[in-house]
Amino acid sequence: MATIASAPPYAASATTLNEESGFMGWLTTVDHKKIGQLYLYTALMFFLVGGIEASIMRYQLMKPNMHAVSAEMFNQLFTMHGTTMVFLVIMPLSAAFFNFLIPLQIGARDVAFPRLNAFSYWVYLLGGLFITAPIFFKTAPNGGWFGYAPLTTGQFSPGPNIDFWVVGIQILGVASLAAGFNFITTIINMRAPGMTLMRMPVFTWMSFVVQFLVVLAFPVITIALVFLLFDRIFGTNFYNIQASADPLLWQHLFWVFGHPEVYILILPAFGLVSEVLPAHSGKPLFGYPVVVYSGIVIGFLGFGVWAHHMFAVGMGPIADAVFSMTTMLIAIPTGVKIFNWIFTMWGGNLRFNTAMLFAIALVGEFTIGGISGIMHSSPPSDLQQTDTYFIVAHFHYVLYGGAILGIFAGIYHYFPKIFGHMMDEKLGKWHFWINLIGLNLTFFPMHFAGLLGMSRRIYTYDSGQGFDSFNMMSSIGTAILLVGAIIFAYNFITSRKNGAVAPANPWDAGTLEWSIPSPPPEYNFAEIPTVTSRYPLWDLQHPERTGEIPHSGPEAGKIAEAHSVPVHVESETRTARQLGIPMPIPTLKPFFAALLMSVMISGFLVHKDVSEKLGLVLLIGGGIAFAATMLSWLFSPLEPEH
Amino acid sequence: MTSDHGHDAAAGGHAQGHAEHHGPTTKTYLVVAAVLTLITAVEVYVYYTPFRHSPAFVPTLLVMSALKFFTVVGFYMHLKYDHKLFRTLFGGPFLIAIGTIIALIFLFSRPRA
Amino acid sequence: MSHYTTTGLEHRKIGFWTFIGSECMLFGSLIATYLIYKGKSLVGPLPHEAWTDPATGHVYKAILNIPVTSMSAFSLLMSSVAMVLAYEAVKHKGDGTRSGIWASSKLWLWATIALGTTFLGFQSFEFTSFVREGLTMRRNLFGSTFFTLTGFHGAHVTVGVLWLISMLSIDYKRGLTPKDAPTLDICALYWHFVDVVWIAIFTLVYLIQ
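So the protein lines, in turn, are chains A, B and C.
Here the working numbering is used: position 545 in the first sequence is 545, and no number is missing along the way.
Here the working numbering is used: position 32 in the second sequence is 1032, and no number is missing along the way.
Here the working numbering is used: position 175 in the third sequence is 2175, and no number is missing along the way.
Some hints could be false.
As the list claims (entries may be wrong) - The following label-pair restraints were derived from C-beta to C-beta distances:
#	chain 1	residue 1	chain 2	residue 2	range
1	A	Ile374	B	Ala1034	50 to 58 Å
2	C	Gly2175	A	His542	33 to 41 Å
3	B	Leu1062	A	Ile620	38 to 46 Å
4	A	Ser70	B	Leu1062	49 to 57 Å
5	C	Leu2162	A	Ile585	41 to 49 Å
6	A	Met198	C	Phe2152	36 to 44 Å
7	B	Tyr1081	A	Gly621	37 to 45 Å
To be verified - DSSO-like, lysine-lysine: derived pairs with alpha carbons at most 30 Å apart:
#	chain 1	residue 1	chain 2	residue 2
8	C	Lys2040	B	Lys1080
9	C	Lys2106	C	Lys2179
10	C	Lys2093	B	Lys1084
11	C	Lys2179	B	Lys1084
In case anyone wonders, no lab produced these hints; they're calculated from the structure.
Virtual Cβ for every residue (Gly too), placed ideally from N, Cα, C.
Hey, can you work out the whole structure from these sequences and the hints?
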């Protein structure tokens, strides 16, 4: 049970007869760890795209009256920047961690539906390419990331731009929903013996809450998009004001989805930080149950605050008061988490490496965004701030200062587990400090520009309104962020192969995923352990850390069953085949199902913008081919017969 | 792996036997069908009576509809007899959906200037 | 599958109940929109009252046909009874507790499919007659919301019928056995859910004015 000094040679033995290698290996994989890596690579690529879009905008806004891009192009850039960062970067980066970590943290060999998992990824990739490609042809969506109708109806946006957005988001929704059902089932039903809900690592807990938000919020945007699609293609009246439609219908439906979506973006980062801080403080998370319950409360309340995005439309005093109060309420469980993280560090033996620095930075930066959020939970003050750069500053502090910093903390922390090599700490620290300076220089001045009256989404501005220097600062900050991104990319790419070899538990962390080799073998756990604690590895190696936690400590009576395996550090180097562990068969079917489904849905766009006949062919032909692929998928076994 | 299957079948058999003691029988299902038919008949009947203009008409219909809804969910979808996990997985989202519908109707019922 | 599960329950069933929870929000959004736009249409035909076109003087009757829809709602309701009996027949096949028609999974699957198809027949009759009377998706807010809501439901019923047909064809090919009960259970959950959605729609759209 000694810690392993160097990683066993998995790279060589990982490929079995069961598994394709190379390109086909990736295309046919149903292994949650490989799918997690695919999400990671793809989302980082889209991060680059979204970052370049932001940089072009910041260049355009650097000085008054610039014309680096056209006004129309600017509309496309801010629409795609928002859409990309929300749907193609933060959500999938979180999904990368859901995929990689959830089965490892709960002691499972894969997710509940491995092929559905692959399907989710391919749908995400295809939907992402579908929605991103048009910007290269100057026909990208241009209605803002929340696509307010009636602006986005055929009457005011006749071109194909919005069709790409509607159809693309619809495709991406399928990926998120399928993943949501999958992870809920996985967490409920695949926990190792003894892994009770109150022993689950906090990342898994936050992911669990997020999946419920996904499966309940996405149907609403699906319906709102169906209405918009029908209005645009079939001439229905959902958003047609001349037919007495209500101009607020889209706004309400969108934000019923949109606010839970905010928590979908931030809670996984909270979960990651709740793993990183205890590991590098050498202390259990302070107030674990409170962190868990506050996450659940945030999830529930998240469905009751949506109209605070709409204070400016005149909903009347009752609605304004109710949504203002629920919004102030939701700040409580969020603030509670901040204190939990601070007290986790209090008196701990802090290790200031890159992952820890990013996690600490999240606590501070997210708080800035949280406080400006409380400021516009009050309708009178929101009326001053709405649709100004103050709001832009707010949500970038929440999403960059919160979600992205948390995800960077997660990447530095889990890189050794994912790739079996350590990331370079020196470059990591450069990345961190440059990132921290760039982030604050970019987004903090936006508060002032906003309060001075600068509208968000504005194409350019005249000098003499007091915006000039703030905009210059923001643009310089963006350039600094780009430098940080380059350092990160270099570190990420080179460390994958050349970083120091990672042991099973390089951070001396306490949760189950660190009990298996880095990178984990295809089957994860050679023997599924029986869990008796929140920090089972610390019970073994640092009993002084866990002595006082309830739900912990060896329960002598329960683990004494003959066949149960206590938690131990595994050093198994054999393949699944040698160990007789059945693994799912790699298959192309999820990829084809995703492809055909995307072709089918894109038939709507082709029907409207290219050719009605061809569109029908795609819809019907794609539908039949999709159904046939699904049937053949459902009737083929997951694992080899044994 | 044969032993695994055997074990599983035994566990499944036990669970089924368990359900058999408390679960519905064919007779229960047919009684439920009769009740559903009756409620539907009453629903359509009151639609054609002067009761239709009474202020109690809408609440009465909503109650009858809810009764049918939960009868089908409870008996035919076995939620009354099944693992409580399924009740949670259905009940939570159902309540959020109802709450959202009510909130939206309230928000749109105010005349705006 | 013979894998260990934490709760002892099937993955598929847990995943499917989650899906049904998600569907509650899907139909919830459709129903909420229908109710929000109720009575807001500028032109007829209208669901519960006659409307005279001021330009042409043409009188559009109240368009909803309660007797026909009552029959279709009843056939969908009874299909749920047939579905649960089909499930029972499969679950207890060979254990001697069911005999005669109660043991025939094929009979009850056929009945479920027939009743579901009857519902779809009524719906296509309803849709075509509405279009003939001048109500289309583009005509007014009622047309847009009505056709989308009931159309979404009809699409769900169609998927359910296809699913049932595939179960029935398995029954003919190799016979459904108690081992298939969990698979049929999921199909049945879907079918009953589609039924309860119609219970709500029938009251909210058709009976309440």
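For each hint, the structure was consulted:
no., hint, in the structure
1, A:Ile374 - B:Ala1034: 50 to 58 Å, "holds, 57 Å"
2, C:Gly2175 - A:His542: 33 to 41 Å, "violated, 58 Å"
3, B:Leu1062 - A:Ile620: 38 to 46 Å, "holds, 40 Å"
4, A:Ser70 - B:Leu1062: 49 to 57 Å, "holds, 55 Å"
5, C:Leu2162 - A:Ile585: 41 to 49 Å, "violated, 26 Å"
6, A:Met198 - C:Phe2152: 36 to 44 Å, "holds, 40 Å"
7, B:Tyr1081 - A:Gly621: 37 to 45 Å, "holds, 44 Å"
8, C:Lys2040 - B:Lys1080, "violated, 40 Å"
9, C:Lys2106 - C:Lys2179, "holds, 16 Å"
10, C:Lys2093 - B:Lys1084, "holds, 27 Å"
11, C:Lys2179 - B:Lys1084, "holds, 23 Å"
Checked against the numbered hints above, the structure breaks hints 2, 5, 8 and satisfies the rest.
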